[in-house]
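> Please work from the sequences and hints to get the whole structure.
Numbering (the numbering used here), first residue to last: 22 to 768.
Just to be clear, a hint being listed does not mean it is correct.
Stated by the list, open to error - Taking lysine to aspartate or glutamate and the EDC-like style, the derived pairs with C-alpha atoms no more than 16 Å apart in a straight line are: (1) Lys-421 with Glu-380; (2) Lys-156 with Glu-216; (3) Lys-421 with Asp-394; (4) Lys-716 with Asp-734; (5) Lys-717 with Asp-734; (6) Lys-156 with Asp-210; (7) Lys-156 with Asp-188; (8) Lys-421 with Glu-346; (9) Lys-156 with Asp-215; (10) Lys-421 with Glu-395; (11) Lys-680 with Asp-691; (12) Lys-156 with Glu-135; (13) Lys-421 with Glu-377; (14) Lys-680 with Glu-692; (15) Lys-717 with Glu-738.
For the record, the hints were derived by calculation from the structure and aren't laboratory data.
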Amino acid sequence: MKKSTVWTLSFLAMLTVLQFFSLPNYAQVGSSCAEAFLINQIPFSGTGATNCNNNNTFDSAALSACTGAEFGIEDYMDGNDFIIRFTTINAGCYTIQLYNLSANPEGAGIFLYENCPTDGGTCVAVNGSIVPFIKADLQANTEYYLVVSSPTTAPCTSFDFFINCPDEAPVNDICSGALPLSDTGTNNDATACDEPDEWAPNNLANPNSGEPCDGTSGWTTNHNGVWYVFNNAVEQDVTLNINNIVCTGSIGQSTLQFGVWSNTGTCDLSQETFYGCLVTTDNATFVLPNLPAGDFYLFVDGTAGSLCSWEFESEEVLCTPPNLESPNSNTTTLCVGESITLSANITEGSTPVSLELLENGVTVSVSNDPNVDELSFEISPTEDVSYQIIATNTCGISQKTFDIVMSTAGLNPPDVISTLDFCIGEPLSDIGAIPVSGGELTWYDSDPAIGSPTAIFTGENLTLSDFLDNTTLGTTNFWVVEGSGNCVSEAARITINITDGIESLLDYGQSVFCVDETNPVPNVSIESGTFSADNGLSINATTGEVDLSSAIPSQIYTITYELSGSCFQTATTTLQVESVNINPISSINIQEGMSVVFEVTATASSGETVGLVLSPNNLTPDITTTYEVIATTANGCSASTPAIAFVEEVPKNLIQFPKAFSPNEDGINDEFTAIISQQNTIRTGNLEIFNRWGKKIYETQDFTQGWNGLQSDGLQEATLGIYIYVLTLVFEDDTEELYNGTFTLIR
Numbered sequence: 022m023k024k025s026t027v028w029t030l031s032f033l034a035m036l037t038v039l040q041f042f043s044l045p046n047y048a049q050v051g052s053s054c055a056e057a058f059l060i061n062q063i064p065f066s067g068t069g070a071t072n073c074n075n076n077n078t079f080d081s082a083a084l085s086a087c088t089g090a091e092f093g094i095e096d097y098m099d100g101n102d103f104i105i106r107f108t109t110i111n112a113g114c115y116t117i118q119l120y121n122l123s124a125n126p127e128g129a130g131i132f133l134y135e136n137c138p139t140d141g142g143t144c145v146a147v148n149g150s151i152v153p154f155i156k157a158d159l160q161a162n163t164e165y166y167l168v169v170s171s172p173t174t175a176p177c178t179s180f181d182f183f184i185n186c187p188d189e190a191p192v193n194d195i196c197s198g199a200l201p202l203s204d205t206g207t208n209n210d211a212t213a214c215d216e217p218d219e220w221a222p223n224n225l226a227n228p229n230s231g232e233p234c235d236g237t238s239g240w241t242t243n244h245n246g247v248w249y250v251f252n253n254a255v256e257q258d259v260t261l262n263i264n265n266i267v268c269t270g271s272i273g274q275s276t277l278q279f280g281v282w283s284n285t286g287t288c289d290l291s292q293e294t295f296y297g298c299l300v301t302t303d304n305a306t307f308v309l310p311n312l313p314a315g316d317f318y319l320f321v322d323g324t325a326g327s328l329c330s331w332e333f334e335s336e337e338v339l340c341t342p343p344n345l346e347s348p349n350s351n352t353t354t355l356c357v358g359e360s361i362t363l364s365a366n367i368t369e370g371s372t373p374v375s376l377e378l379l380e381n382g383v384t385v386s387v388s389n390d391p392n393v394d395e396l397s398f399e400i401s402p403t404e405d406v407s408y409q410i411i412a413t414n415t416c417g418i419s420q421k422t423f424d425i426v427m428s429t430a431g432l433n434p435p436d437v438i439s440t441l442d443f444c445i446g447e448p449l450s451d452i453g454a455i456p457v458s459g460g461e462l463t464w465y466d467s468d469p470a471i472g473s474p475t476a477i478f479t480g481e482n483l484t485l486s487d488f489l490d491n492t493t494l495g496t497t498n499f500w501v502v503e504g505s506g507n508c509v510s511e512a513a514r515i516t517i518n519i520t521d522g523i524e525s526l527l528d529y530g531q532s533v534f535c536v537d538e539t540n541p542v543p544n545v546s547i548e549s550g551t552f553s554a555d556n557g558l559s560i561n562a563t564t565g566e567v568d569l570s571s572a573i574p575s576q577i578y579t580i581t582y583e584l585s586g587s588c589f590q591t592a593t594t595t596l597q598v599e600s601v602n603i604n605p606i607s608s609i610n611i612q613e614g615m616s617v618v619f620e621v622t623a624t625a626s627s628g629e630t631v632g633l634v635l636s637p638n639n640l641t642p643d644i645t646t647t648y649e650v651i652a653t654t655a656n657g658c659s660a661s662t663p664a665i666a667f668v669e670e671v672p673k674n675l676i677q678f679p680k681a682f683s684p685n686e687d688g689i690n691d692e693f694t695a696i697i698s699q700q701n702t703i704r705t706g707n708l709e710i711f712n713r714w715g716k717k718i719y720e721t722q723d724f725t726q727g728w729n730g731l732q733s734d735g736l737q738e739a740t741l742g743i744y745i746y747v748l749t750l751v752f753e754d755d756t757e758e759l760y761n762g763t764f765t766l767i768r
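The following block contains the structure:
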C-alpha cells in the first residue's frame, strides 16, 4: 500500500470522528411527548444529552407493555425520563446506541415506542444495561418515541447517542454482500438486526494457540459487524496487520473484534470451521498459522456498538478485484440496421483470470488468456438486448452492463385519425399527426412501403386544400412516417372521403324499456345535433334523454336525430315502453296443513308472455303468510303485488261419533267407529260399549278399531236398540280426554 493512500484515509476517518463529536449541545428538552427532542434527519448523532432535572413523565404502570426479560421495568421508570421523537422515511433495520454515559454502574434503560406511550403507543424494543443498545426493524413513514430513563438508584444520566439509517448500511453489512479483503475497512452505518450472536467464538480458544482471542478475554456480543471474504492460495502462515483503528462512540477503549472461519458458502458461521480470532484496542498483528488453502470468511465487529474504520495489510491474501471500465454508455438506442461496437478494458488492478461476454444472461464468449485486458465486439441487433462483460480475478469480479434499446420510431407509426369525411363543396380543414418518439414527420400521397415516392410535406400539420379538390366525390389517401434514414417508422394512412351525405349513429342500446327503468340516453357518432320524438313522448332536445314516465305502454315512438348542414342525413330509431299488470288477488283462508292456491293472471302491454313467481316458495305455511306475486316478461320488465294466506289452526281433539250403524255386511256403515281428525296427536286410547242396562259387551285398546255389532264372545249378534259408548284418549302432550254418548244399532 502507498503511504500517501494510508495517510489520506486516516485523515478522512479522523474527520468523521470530529464531525460526530462536534455537534452543538442542544437545550434541555424532552421532558414529555409534547416537548420531545425532535430529530428531523436520520442518521443522527448528538452529544451532551441528559435527563437530569426532567420530570418522571412515565411510570411502570404506563409502560408495562415494554418490559425487558433481563431486567424489571420498575428499576428504571421511577427515575427521570428523556423523550426523543423521530419519524422514519425508510423501512429497515435501525440501531440506536447510547454512548459516554455519566458515571453510573447501572447505565440507563431505553424504551422504543410507536406513538407516544401514554397515548397507547406500541412497544417496539427495550434494553437496559451499562451499554444500552436497541436494534429493531422499523416501518417507513412512522412516528417513534425513544424514552431514556434512569434507574431508581441513580436518578439522572448524561449521555451521547446515535441513530443510523438502514439505507446507508454498507453492502457487506450482510454475508451475501461480503466484500473481498482490501486495504481499508469500516463498519460505519452497519446495522445490528439479525447479528449472529451465536456465531461469535465467545471464550473459545484460538485453535492453534489454545489461548482466548486476546489472551485475557473472549469475544463480546456482536452489535454491528461487517463481512469479508478472501482466498488463501496455498497452506501457509497468514499474517493480517490491523492499523490506524479509529472508533466513534466507543465505551472505554476503541476495541475491534476479528474472527476467521471457513467459507463453504453457507453464510452460517455455526456451520463453518473456526480458525482464529483477535480482540484489539490498538495496532495489532493477527496471525493464522498453517492456514489451509481455500476460501474464508472474515467477520469484523466494533465492541459495544462502536463505529470504526481501520486498515488491513497482508502480503498473503490482500488483493484488489479488477477495475473494469468502458467508454460506452450503459444504455444505447439504435434503429433497425444500425450497429455499434461495445468495448471494456482493465485500467487498474491485477490481470484478470478471465473476461466473459453475456447476451441476455447467456455466455457467448470467454477469454481465459491472462494477457488479455480488453474486449470489444460489434453488434447489429434487431430487438432490445442486454450485454454484460465480466472481469474476474482471485479477489473478486467486476461487471459492466450495456442495454441496447431499439428505437420505437422504427416500429410504431405516428398517431392519426384514420378516416375523415367532408361534404362536397365544404371547406377542408388541416389534417395532423403526432410523433410517438419525438421524431420528424414526412407526408406522402402514395404508400412509401411500395416504391420510392417523393415526399409532399414535412411537419405535423398538412394543409389539405393544397393537395385535394373538394368539388369531386371520391376517396383520397395520404401516408405519414416518423424518423429518417434507417430509423423510419411504419406509415400511418389517413383516408379522406368527399361525400354528399353523412348519417350519424343513433342507438339507445335496446328498443323496449320498462316503464320504471332509468331514463335512457343515446349514443351518437356525430355530436351537436337535435333530438325530437313523436306521439307526445318527452325528450331532451340536446342530450336525447327520454322521459319514460311520459310514454304510453305498448305505443311505438319514433325518435329523430337531425344534424345541421346539408351534408348530414337524419337518423331515426324506434322506442317502446312496456308495462306489466297483475289482476287483483283475493286473500284466502286455509287450515293448517293445507296448500296455498292463488288464482293469478298477469298481462304485458307488449303482449309478451308473462312468467309468475310466488315468494316465499313455502306453499304449506304453518302460520298466516303474506306472499309476493312477481310477474316478469322476457324483456325483464316486472310488477309485483301482495297476497295473504290466512292459516286456521285445526283443533287436535276434533272427534265425531255416528248416531247409528247397521252391521249387515252391505259394506255401508257396518261398524261403529270414532272419526278422529288428527290421529297422529294421540298416544293411546280405549273404547268401551255398554248396553242400556250398563253391561259392558265390547272393549278394545285400539282406538282406530270400531265395533262390528257382535257380543264380547264374538259369536252372538247384539240385539237392536240403543247402546252407550265411552272413549278415553291420551294425547302426545299428556292430556287425557273422555268422550261418551249413545247410538242406535239397526240392521
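> Each hint: holds or not?
Quick rundown of the hints versus the structure:
1. Lys-421 with Glu-380: holds (12 Å)
2. Lys-156 with Glu-216: holds (9 Å)
3. Lys-421 with Asp-394: holds (14 Å)
4. Lys-716 with Asp-734: holds (14 Å)
5. Lys-717 with Asp-734: The hint holds at about 12 Å.
6. Lys-156 with Asp-210: With a Cα-Cα distance of about 13 Å, the restraint between Lys-156 and Asp-210 holds, given a limit of 16 Å.
7. Lys-156 with Asp-188: holds (15 Å)
8. Lys-421 with Glu-346: Distance of about 7 Å is within 16 Å: holds.
9. Lys-156 with Asp-215: Cα-Cα ~9 Å, so holds.
10. Lys-421 with Glu-395: Since the Cα atoms of Lys-421 and Glu-395 sit roughly 13 Å apart, the hinted pair holds (cutoff 16 Å).
11. Lys-680 with Asp-691: The hint holds at about 13 Å.
12. Lys-156 with Glu-135: Holds: Lys-156 and Glu-135 sit about 14 Å apart, inside 16 Å.
13. Lys-421 with Glu-377: Roughly 11 Å between the alpha carbons, so the hint for Lys-421 and Glu-377 holds.
14. Lys-680 with Glu-692: holds (12 Å)
15. Lys-717 with Glu-738: holds (14 Å)
Consistency with the previously given hints is maintained throughout, with no hint failing.
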